[in-house]
Amino acid sequence: MDESVAGMCRRKHQDQWLRRRLLQRQLHDGAALRISALTLRLGLLQHHAAPTEHALQDYIGELQDELHAVLEELRDVAAKIYPPLLDEAGLGPALRELAAELRVPVAIVTCDDRFGPAAEGAAYFAVMRCFAARPAEPKPAKVVVRRENDALMLSIVGVGAAHAELVDDEAKPLGGTVEVEPETPLGASTIIARIPCE
Amino acid sequence: MRVALAEDGALFREGLLMLLRAAGHQVVCSAAGGDELVALLATAPADVAILDIRMPPEPDGGLITAERLRAAHPDLGLLFLSHYAESHYLMRILEIGTESIGYRLKEKVGSVEVLTDTLNRIGNGEIVIEPVLAKRLVERTRGDKKDVVSALSDREQEVLRLMAEGRSNNGIAGQLYITPKAVEKHVANIFVKLGLHTDTAAHHRRVLAVLTYLRSQRNES
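Protein sequences appear in the order of chains A and B.
Using my numbering, the letters of the first sequence map in sequence onto residues 1 to 198.
Using my numbering, the letters of the second sequence map in sequence onto residues 1 to 221.
Incorrect hints may have been included.
For lysine-lysine, the following DSS-like pairs were computed, each having C-alpha atoms within a straight-line distance of at most 25 Å [unchecked claim]:
| id | chain 1 | residue 1 | chain 2 | residue 2 |
| --- | --- | --- | --- | --- |
| 1 | B | K145 | B | K193 |
| 2 | A | K142 | A | K172 |
| 3 | B | K181 | A | K142 |
| 4 | B | K135 | A | K80 |
| 5 | B | K181 | A | K139 |
| 6 | B | K193 | B | K146 |
| 7 | B | K193 | B | K135 |
| 8 | B | K193 | B | K181 |
| 9 | B | K146 | A | K142 |
| 10 | B | K146 | A | K139 |
Since the hints were derived computationally from the structure, they do not count as laboratory data.
Okay, chain A solo, but in the shape it has when bound (with noise of 0.2 Å):
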């Protein structure tokens, strides 16, 4: 691909990332803290309810939950556009986040470096497509974030070289390469991702 081509190329995805940031922040701001702020309401119209109207102030109570409930669907949609806890405090909290909630045992090893959104959700979600797509039964596996000049470096050991095309899928948009380290008799295959960023 020419030069220029390959650019535009990437910055087009970088774009994307940025894109779902937005969304994500938009969810958070908007409708998110609106219907929060409908619970709030329907608390003071229990509170100015007569005591004596029990059916009332329950219905009102059961209005607050499936409130609840729609903020918890918001909060599952935020998370699959763009995590706010990545957004907010960086691939190391979002990594051990992910794999408390999918229960994977896992070693997390990050330094406190930020990345710029779209390398970090690209690391973050080939990390999840991996995580994804291990056995039921998975061996422990380790994944470590270091930067090298201009670039984020993804490691993800243990999780089997045939998952090597679902982080590729991720880095390559952004001009990113993987390369991928054979299991030994020493140590697991590792998949090496090496993904540009700011």
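Position chain B against the provided structure of chain A, taking the given hints into account.
The following block gives chain B in isolation, referenced to the frame of chain A:
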């Protein structure tokens, strides 16, 4: 109770103001950001400050503001409200303080009873943890710990969850409609089964011991 409030979403801030007043609390000041609240609290004493986590100064102004408030007014209780109940933030909050501090979901304080109970517990020096988060922590234990937790009786699991919410023995007794004496017995049994050795009478140390136990497998690195 004298309450100070900082939240950048006007709709939520106004709603909370109305509910606080309806509950009989005195709102001494309200602000759209942390810096403003710190300035206001220099002249208007309060018992508890309610802070949105994600507000100015960006990105998590509530946490930075809380650190400044803890230093300036050590007796001021702190209640964090957020759209997300994340153990990452819980740990950061407990680094700011382990007494008179709370973390709850915004949509879960929408009744006079819950709001007042939360504020009273913080005013009494307790740690208050969002029940949704406490439940998730208990359910997400892994490996050996998962086996230990699932070997607890149903009642003991309930008590463990309420301990992770930061409830005192009397608080747990009130929630489960049993006597404080019975709670004491359950707590002692749970501590033996989990292999925890701690002074269970010291409230904040007990909560920290339980949370550390539930979370400890999640920080391998």
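Below or equal to 25 Å on CA atoms is what counts here, so check K146/B against K142/A. Holds, at roughly 21 Å.
Would the pair K193/B and K181/B pass a check requiring their Cα atoms to be no farther apart than 25 Å? holds (19 Å)
Taken at face value, is the distance from the CA of K172/A to the CA of K142/A at most 25 Å? With a Cα-Cα distance of about 22 Å, the restraint between K142/A and K172/A holds, given a limit of 25 Å.
Verify the proposed pairing of K135/B with K80/A, using a straight-line Cα cut of 25 Å. holds (22 Å)
Starting from K193/B, check that the Cα of K135/B is at most 25 Å away, please. holds (19 Å)
Holds or violated: K193/B with K146/B, Cα cutoff 25 Å? holds (12 Å)
Tell me if the straight-line CA distance from K146/B to K139/A falls inside 25 Å. Within the cut-off at roughly 17 Å; holds.
K145/B and K193/B were given as a pair; does the straight-line alpha-carbon distance stay at or below 25 Å? holds (10 Å)
Decide if the proposed pair is consistent with the structure: K181/B and K142/A, CA atoms, cutoff 25 Å inclusive. The given pair, whose Cα atoms are some 46 Å apart, is violated under the 25 Å limit.
Is K181/B within 25 Å of K139/A, Cα to Cα? Violated. K181/B to K139/A sits at ~44 Å, over the 25 Å cutoff.
This entry does not satisfy hints 3, 5, going by the numbered hints stated previously.
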